[in-house]
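K.L.:
Here is what each chain is made of, one letter per residue.
Protein chains: 2
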Amino acid sequence: MSLLVVGSMAFDSIKSPFGEVERVVGGSATYFSLAASYLTPVRLVSVVGKDFPKGTLDMLSARGIDLQGLKVAEGITFQWKGYYEYDLNVAHTVKTDLNVFENFAPVLPASYRESRYVFLGNIDPKLQLDILAQVREPKIVALDTMNFWIGKSPQLLREVIRSVDIVVVNEAEIRELTGEFNLVKAARKMMRMGPGRVVIKRGEYGVLYLSGGEIFAAPAYPLETIFDPTGAGDSFAGGFMGYLASRDGAALTEMDYRLATIYGSAIASFTVEAFSTERLQGLSREEIDSRLAAFRSLTEFRV
Amino acid sequence: MSLLVVGSMAFDSIKSPFGEVERVVGGSATYFSLAASYLTPVRLVSVVGKDFPKGTLDMLSARGIDLQGLKVAEGITFQWKGYYEYDLNVAHTVKTDLNVFENFAPVLPASYRESRYVFLGNIDPKLQLDILAQVREPKIVALDTMNFWIGKSPQLLREVIRSVDIVVVNEAEIRELTGEFNLVKAARKMMRMGPGRVVIKRGEYGVLYLSGGEIFAAPAYPLETIFDPTGAGDSFAGGFMGYLASRDGAALTEMDYRLATIYGSAIASFTVEAFSTERLQGLSREEIDSRLAAFRSLTEFRV
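One line per chain: the protein sequences are G and W, in this order. Using the working numbering, the first residue of the first sequence is number 75, and each one after it goes up by one. Using the working numbering, the first residue of the second sequence is number 75, and each one after it goes up by one.
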């Protein structure tokens, strides 16, 4: 079943202890849709400038990603410049140029309005609400956000949070959103705001998934070489939501949400093996299955 | 089978965001031996001053911990003063008074020399070597250390590392010991120095266990309330080594090491629920079993 994603498409300039790249393709919607495309059809909503490479759009189409909702606007694509130090869990932003995103007012193509699975990537909460209002009867809506919006539009953000089923954020973000340092308390507080499930991304330490009575802890895959963590969180969300959408029609159990967490973690573990979307755009089903099996072996024990 | 531990016994003064305590009982050997005592007989080697509470020694004895190797010296017990901020993974030391530890030259009681399982807790590497030389035919020797000794006695420390089977350290320590930031690379480098297995403690993020070809990731138990992380690492090591010693006679498999990791994590999760050894001294087998089951449920998924 189709999965709708709204988020950024961007040029990233990134420096990490392992190298440096200028103006490579990035953006939350780019990583999300590529990751999800291995599991379910994806409908993308975003905006790029005329300067965005046609080759990348062709590559996304070739992966079955529906680009009817992508606007190619006059002007320059969104740009992010940042760096990582040895602690790859912390991205340092040098510069953000919204460019074509500044006046983005997305109108969903008719075919998108029936989407049952929706991911509201990290953009202005006002846009997140606008998009959500245009989807007729979503089954599962998940949301990501970041400190910028938590500070700038807390009221609007609360309104979006009230309307979604799952919040997918990192440690620092859930602490800021709830004012609770302890992650279990923070998640419970978040769930009292509306969403029934919370996913907390902890970078190289993996992910905590919490619902009413359950907590599931998934490690990150311990790689010997992490080139660039950019897009790992979005790739995680793509794998997570992609798996849930692929199970459409089935009654989802807690075990499905756990497996969705592992799919997300497995696909994200490829993203960080190279800069940009390089590693993510040509995965085989065998590679994904073998990484899933590696997660099994990484966590298996018998009491 | 008996498990020999050498390490500190101390008075701790601790401030955390959740409270403050003065001169409570602590020390690596105290936490380690209490944790291990639920799984195997323990032989303790340490030194305290005349000021150390008789009640605590009685409590340790009552838990079956052999105190023949404990010296009660003229003078004052070792004291540590420190604090934690919200990030409980980082202990800030205000003051360390070695006191009776300054002239500690342990001689093992005859009965201790046949110990098959040995834990060299975080003390001067010179003492660790002295102790090890007095054990006749150890089967498994594990070692902990800290930044203080890595900086002060790197050569001696390398000599101890060469002679042990398992190194149990935290993230910062293995990075400092090996000069590698990436934990998988650091562990492989450590194994080339001698030990066949490495356990990396990551505080609230759990533990990585690595051997030749295996990596096992165990989460920490996500508690809503962590009062005081002091002693968590030593309690982990006690549960880990305690389980291995309890399997004496069996051919240990990788699954045993994984289960040892879970025992360590489960017992450590009690330690942090209260200040000092309060929570650790009166555990029931049912509580431990139920926490083991909770770890099962925390990590279970089906591909």
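Hints in this document: simulated from the structure, not taken from any laboratory. Where hints are given, some of them may not hold.
It does not matter which identical chain is used: a pair holds within one copy or between any two.
[As the list claims (entries may be wrong)] Here are the simulated lysine-lysine pairs, DSS-like style, with alpha carbons at most 30 Å apart:
id, residue 1, residue 2
1, LYS200, LYS259
2, LYS259, LYS128
3, LYS263, LYS89
4, LYS259, LYS155
5, LYS259, LYS89
6, LYS169, LYS128
7, LYS213, LYS128
8, LYS263, LYS145
9, LYS124, LYS259
10, LYS226, LYS155
11, LYS169, LYS200
12, LYS226, LYS128
13, LYS89, LYS169
14, LYS263, LYS155
15, LYS124, LYS226
16, LYS259, LYS145
17, LYS169, LYS213
18, LYS259, LYS169
19, LYS263, LYS169
20, LYS213, LYS155
K.L.:
Could you run down the list of hints and mark each one as holding or not?
P.N.:
Cross-check of the supplied hints:
no.	hint	result
1	LYS200 - LYS259	within (27 Å within a copy, 45 Å between copies)
2	LYS259 - LYS128	neither (46 Å within a copy, 39 Å between copies)
3	LYS263 - LYS89	between (36 Å within a copy, 26 Å between copies)
4	LYS259 - LYS155	between (34 Å within a copy, 29 Å between copies)
5	LYS259 - LYS89	between (35 Å within a copy, 22 Å between copies)
6	LYS169 - LYS128	within (25 Å within a copy, 62 Å between copies)
7	LYS213 - LYS128	neither (33 Å within a copy, 64 Å between copies)
8	LYS263 - LYS145	neither (37 Å within a copy, 50 Å between copies)
9	LYS124 - LYS259	neither (46 Å within a copy, 43 Å between copies)
10	LYS226 - LYS155	within (20 Å within a copy, 41 Å between copies)
11	LYS169 - LYS200	within (22 Å within a copy, 52 Å between copies)
12	LYS226 - LYS128	neither (34 Å within a copy, 59 Å between copies)
13	LYS89 - LYS169	within (13 Å within a copy, 39 Å between copies)
14	LYS263 - LYS155	neither (33 Å within a copy, 34 Å between copies)
15	LYS124 - LYS226	within (29 Å within a copy, 60 Å between copies)
16	LYS259 - LYS145	neither (40 Å within a copy, 44 Å between copies)
17	LYS169 - LYS213	neither (36 Å within a copy, 57 Å between copies)
18	LYS259 - LYS169	neither (33 Å within a copy, 33 Å between copies)
19	LYS263 - LYS169	neither (33 Å within a copy, 38 Å between copies)
20	LYS213 - LYS155	neither (36 Å within a copy, 54 Å between copies)
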